[in-house]
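Engineer: What follows is each chain in one-letter form.
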Amino acid sequence: MAELYAVRNLRLCTKDCLCLYVCPTGATDTEDSIIDRNKCVGCGACANACPSAAISMVPKVMPPQQPKEERVAEALRSLIRSKTQAENLAAQLPGALAAAAARSSRLMAEDLCRESGYMLPQSEEARVFLERLRTYPGIPLEVVEGLLNTLPFPEKRDRK
Amino acid sequence: MKQMVCSVCSYTYDESKGIPEAGIAPGTRWEDLPEGWRCPWCGASKDMFREKAEAPAPAPEPPQMPAQEPGGEWQLSALELSVICSNLARGCEKQYLPEQEKGFRELAEFFRARSVPAPDAGTQALLQLVERDLSSGYPYAHTAAGEAADRGALRALTWSEKVTRMLQNLLSRYEKEGEAMLEHTGVYVCSVCGFVYVGDAPPSICPVCKVPGWKFEQAGKGA
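These protein sequences, in sequence, are chains S and W.
My numbering numbers the first residue of the first sequence as 1 and each following residue consecutively.
My numbering numbers the first residue of the second sequence as 1001 and each following residue consecutively.
Heads up, a few of these hints could be off.
Said to hold, decoys possible - In the SDA-like style, the derived pairs of lysine to any residue whose C-alpha atoms are separated by at most 25 Å in a straight line are:
id, chain 1, residue 1, chain 2, residue 2
1, S, Lys39, S, Leu148
2, W, Lys1102, S, Leu18
3, W, Lys1102, S, Pro152
4, S, Lys60, S, Ile35
5, W, Lys1102, S, Leu141
6, W, Lys1221, S, Ala91
7, W, Lys1094, S, Leu18
8, W, Lys1094, W, Phe1110
9, S, Lys39, S, Ser52
10, S, Lys60, W, Gln1095
11, W, Lys1210, W, Gln1095
12, W, Lys1210, S, Ser56
13, S, Lys15, S, Ala2
14, W, Lys1094, S, Val41
15, S, Lys15, W, Tyr1096
16, W, Lys1094, S, Val128
17, W, Lys1094, S, Thr150
18, W, Lys1102, S, Ile34
19, W, Lys1102, W, Ser1191
20, W, Lys1102, S, Thr150
21, W, Lys1094, S, Gly138
22, W, Lys1094, S, Ala53
23, W, Lys1215, S, Pro137
24, W, Lys1221, S, Arg11
25, W, Lys1102, S, Pro51
26, W, Lys1094, S, Asn9
27, W, Lys1102, S, Gly138
28, W, Lys1102, S, Phe153
29, W, Lys1094, S, Arg127
30, W, Lys1215, S, Pro51
31, W, Lys1094, S, Pro137
32, W, Lys1094, S, Ala49
33, W, Lys1094, S, Arg11
34, W, Lys1215, S, Val58
35, W, Lys1210, W, Ala1118
Keep in mind that the hints were calculated from the coordinates and are not lab data.
Note that the structure is predicted; figures quoted are calculated from it, not measured.
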C-alpha cells in the first residue's frame, strides 16, 4: 500500500470538527485549516469520520502518468498552439467578451496540455521539462531548482 | 414533429413538447421560434442546433492536421511554455502544494511576459483561428484519439470543441451586434472547461462539463 496523507477541501468542509476528535497527532487542527502534512501519519481516521466527505487521502508518491501515443499528443499540441494564438489575439482586444475568450483559450489549452503528457506535476515528463528549462535564456533558475528539489518525483525516490 | 439538438450542450428542443414554462406551447414548430431565441441551457443561437434524426455528415476525406509554423529553437512558443507551467500550477493547487503552485505560476508569468503580441489583432482574426480549429484541428485530433482509444484525450477534445463552438457563436454575434450585445449583462467563464456564458448570472451548472455554477468567474471585471 502506498503511503498516504490527508487533504481537506475547504469548500466542502462544514466544520463539524470530527476530524479534530479522531486525529491521533493533531494534524487536522491548524489555524489555516490546511492539514499539517508533517504531522499527518496517513491513518485515514479523519477522512472516515468526516460527515461532509471533505477530506481525501492522497498517496505521497503518485503512479506514473498514462502513456500517450505520439500521434495523439501531436494532434493535441497543434490545437494547444492554436489556443495560445487565440489567447494572444484576444488579450489585445478590449471588452469583456475578449477577456473571456482569452481566459477560455488558456483554460482549453491547459486541459489539452494535461492530456498531451503533462497531467501530473510530479511526473517524469514534468521533471524532464523542468530540467530542460534550466537552459532557457533569462529563466529564474532558483524557481526551477526549487521545483526540481521539492516535487516528489517517483523515479527520483526509487533511485534512493 | 422533430427534435433539434444543441451542438454546444446537447439540449434538445422537442416540437411536440414545446417549452410551456417559457410560454412556448406544445406543437410549436422549430421554424416558428423567434430568430433571437437562445438555448435555455447554454445560450447558443438557433443556428447552432441540428436535427436529431440527421446522421452526422460523413467526412469526405480523412481530416488533416492544420499546418502550423515551426515554434523555433524550443519547438514551443513562449505562450505554449506558459500553458504547460500554468497547467502544472493547477495540478499543484489541486493537490494542496501551494509552494510548488507558486513556483509554476512564476514560470508561467515569466513565459507570458516573453510572448510577442500578434500583429493583426481583431475579432475577425480571432474568429478565423476558432473556425480553423473547428474545421480541421478537432476533426483530426478526434480521429487520432479515437483510433488510439484514448478516452482521456477524447474527453478533453469533446469539452473544448463545444467551448470553441460557443466562442464562435458569441464572436460572430459580437461582429454583428457590437458592444450592444453585452450591455446590461455579464460574461462568465467556467474555470474548469472554459465555457463562456453571456447572461445576468452564471448557469447553475456548466452546460459543457457539468460543474456547479460557483466554478464560473466573471470576465472583464475592472477592465
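Engineer: For every hint, state whether the structure bears it out.
Structural biologist: Verification of the supplied hints:
| no. | hint | result |
| --- | --- | --- |
| 1 | Lys39(S) - Leu148(S) | holds, 24 Å |
| 2 | Lys1102(W) - Leu18(S) | violated, 31 Å |
| 3 | Lys1102(W) - Pro152(S) | holds, 16 Å |
| 4 | Lys60(S) - Ile35(S) | holds, 14 Å |
| 5 | Lys1102(W) - Leu141(S) | holds, 14 Å |
| 6 | Lys1221(W) - Ala91(S) | holds, 14 Å |
| 7 | Lys1094(W) - Leu18(S) | holds, 23 Å |
| 8 | Lys1094(W) - Phe1110(W) | holds, 22 Å |
| 9 | Lys39(S) - Ser52(S) | holds, 22 Å |
| 10 | Lys60(S) - Gln1095(W) | holds, 10 Å |
| 11 | Lys1210(W) - Gln1095(W) | holds, 21 Å |
| 12 | Lys1210(W) - Ser56(S) | holds, 22 Å |
| 13 | Lys15(S) - Ala2(S) | violated, 29 Å |
| 14 | Lys1094(W) - Val41(S) | holds, 21 Å |
| 15 | Lys15(S) - Tyr1096(W) | holds, 19 Å |
| 16 | Lys1094(W) - Val128(S) | holds, 22 Å |
| 17 | Lys1094(W) - Thr150(S) | holds, 17 Å |
| 18 | Lys1102(W) - Ile34(S) | holds, 16 Å |
| 19 | Lys1102(W) - Ser1191(W) | holds, 18 Å |
| 20 | Lys1102(W) - Thr150(S) | holds, 12 Å |
| 21 | Lys1094(W) - Gly138(S) | violated, 29 Å |
| 22 | Lys1094(W) - Ala53(S) | holds, 16 Å |
| 23 | Lys1215(W) - Pro137(S) | violated, 37 Å |
| 24 | Lys1221(W) - Arg11(S) | holds, 24 Å |
| 25 | Lys1102(W) - Pro51(S) | violated, 32 Å |
| 26 | Lys1094(W) - Asn9(S) | holds, 9 Å |
| 27 | Lys1102(W) - Gly138(S) | holds, 18 Å |
| 28 | Lys1102(W) - Phe153(S) | holds, 18 Å |
| 29 | Lys1094(W) - Arg127(S) | holds, 19 Å |
| 30 | Lys1215(W) - Pro51(S) | holds, 23 Å |
| 31 | Lys1094(W) - Pro137(S) | violated, 30 Å |
| 32 | Lys1094(W) - Ala49(S) | holds, 22 Å |
| 33 | Lys1094(W) - Arg11(S) | holds, 12 Å |
| 34 | Lys1215(W) - Val58(S) | holds, 23 Å |
| 35 | Lys1210(W) - Ala1118(W) | violated, 33 Å |
In terms of the numbered hints stated before, the structure departs from hints 2, 13, 21, 23, 25, 31 and 35, listed from lowest to highest.
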